[in-house]
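Spelled out from the first residue to the last, the chains are:
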Amino acid sequence: MEALQIIERVKSRFGDRVLEISDKKPDPFAVIDPKAIVEVGRFMNEDPELAMDCLSNESGVDYKDRIEVVYHLFSYQHRHGAVLKVKLPRDNPSVATLEGVWKSANWMEREIFDLLGVNFEGHSDMRRILMPEDWIGHPLRKDFVEPPEYHGISTVRESPIVRLDTKKK
Amino acid sequence: MSTLRTEEMTLNMGPQHPSTHGVLRFVVRADGEVMREAIPDVGYLHRSIEKIAEKVGYRGFMPYTDRVDYVCAMFTNQGWGMACEKLAGIEVPKRGEYCRVIAAEFNRIASHLLSVGAMAMDIGAMTPFAHVIREREMINDLIEELCGARLTFNYMRIGGVAWDLPPGWREKALAYLDHFDPILEEYNALISWNKIYVERLANVGVITAADAINYNLVGPNLRACGIKWDIRKDIAYSVYPDFEFEVPVGNGQWGKLGDSMDRYVVRIREMAESSKILRQALKKIPPGAVLAKVVRNFKPPAGECQIRVESGRGDMGWYLVSDGSGYPWRVHVRTGSFAAMGIIQKLSAGLMIADLVTLIASLDVIAPEIDR
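For the record, the sequence lines run as chains Y and R. If you're matching positions, the first sequence starts at 1 in my numbering and goes up one per residue. If you're matching positions, the second sequence starts at 1 in my numbering and goes up one per residue.
Everything labelled a hint here was simulated from the structure, so no lab data went into it. The reader is advised that the hints may include incorrect statements.
[Stated by the list, open to error] The calculated EDC-like cross-link candidates involving lysine to aspartate or glutamate, where the alpha carbons are at most 16 Å apart (straight line), are:
| id | chain 1 | residue 1 | chain 2 | residue 2 |
| --- | --- | --- | --- | --- |
| 1 | R | K51 | Y | D143 |
| 2 | Y | K64 | R | E54 |
| 3 | Y | K103 | R | D211 |
| 4 | Y | K87 | Y | D53 |
[Unchecked claim] Sample of chain R residues facing chain Y (criterion: CB under 7 Å; computed from the structure):
| id | residue |
| --- | --- |
| 5 | S48 |
| 6 | K51 |
| 7 | I213 |
| 8 | A302 |
| 9 | Q306 |
| 10 | Y319 |
| 11 | H332 |
Backbone N, C-alpha and C fix where the C-beta goes; we use that ideal spot for every residue, glycine too.
Take the sequences, apply the hints, and build the full model.
Take a look at the structure:
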């Protein structure tokens, strides 16, 4: 099935809990109500027409006014894929975990928690994965400011890089 | 006589352990020599490459992609190039695609060589490692002639590759392949079918096909479970449809389907397939330009895309979000090693501590690729 057909099928099943559909090239996506994401995930996994047996990628994006969690689903059985998104507020973003549907979500959600500060409700092991446990802040947030030192280790160069490119936004 | 009291031990393995490929740490809960659980602790090589991407711009990020996986950096170059090209709708010239395939397949052989050699070394056979390093050096020499670097290549560009094949390089590459094919036989005779070696690998760390998909294992690890899935064939990219090659899958010949031996043999057989692709590519390579005309100040239109590349460690996913400016808004790399590490905790229960080393080696995890 084409990605848009898959999204239409989810839309016909879940109605207005699919909040928005984008058919923009190259990758169309559907925005799902965060409260319904586990239900939608489970449906897409179990429905024989879709059979999304693999959560191929899960990542988070900070858009300054919201945080989006993006799910790239894939079916080895039918060899098709689709993209789902949930939009979360920037303050205390929280969404239910998909670990119960796809095991690969476990580590990818820990990474999103670590780098973007999204809390995944019901996750079995919500710890930092890449950054040190005592790190403050979430580095991939757009307003993250790197601390000048970490446990006495300086993060500043003695001779800073000369920026040739002065047009940086 | 009263029974001996036993208790569970908590052991630390790594981060500086000879068999953890890079810096990895495991917290092992063991009862004698049998593990209850091995909890992976990663992040020692985290350099926040995805954050760097947001600061250095599209072209400036290419050398950094090498550092995502320095054992097969051609694929990370290619992945970044393809993501940008897909978003901006750039078509790479045919010769450029051929150069990419040639460089990448040589790199795949080098990466698999290191993987199978390090695996033998982890198990205790030192000699094969010297053999594979010798072969890998020759490939490094070839690639050095191509792009000037031996590990962090920075060979590809958005829209193609940086340099055409140097004069006489094609013949050298073909001569190397003539030398390499018998070497693979020699290597198999040296270690692959050795009884002790096979018994150390067979039936260790068995992964079922359903688990492999659920945990999102990719590449040789997935194919060893009997699933015939290769991005080069099934989501054909670049010029791979032009070539004939097999996709080796595990068959459980030495033990159970999806054990460490299957993963090892799939890598050995993939090297022979790469050699086949290289011969066809070097023969068929068309004349023409190697780099498309791309504006210097590269700005793809606002939007997002995901591409998948079959790297040495399997399906590597590049997710790119652009806001239309000269700097990417968000880049996310989903790598094979990251997924493979996620399954270790589950597989480790009931395994011997010595077999944990086998398991890590057979999954071919590379620490920089986990941590990025």
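Structure-based check of each hint:
no., hint, in the structure
1, K51/R to D143/Y, "holds (12 Å)"
2, K64/Y to E54/R, "holds (14 Å)"
3, K103/Y to D211/R, "holds (9 Å)"
4, K87/Y to D53/Y, "violated (24 Å)"
5, S48, "holds (6 Å)"
6, K51, "holds (6 Å)"
7, I213, "holds (5 Å)"
8, A302, "violated (9 Å)"
9, Q306, "holds (6 Å)"
10, Y319, "holds (6 Å)"
11, H332, "holds (4 Å)"
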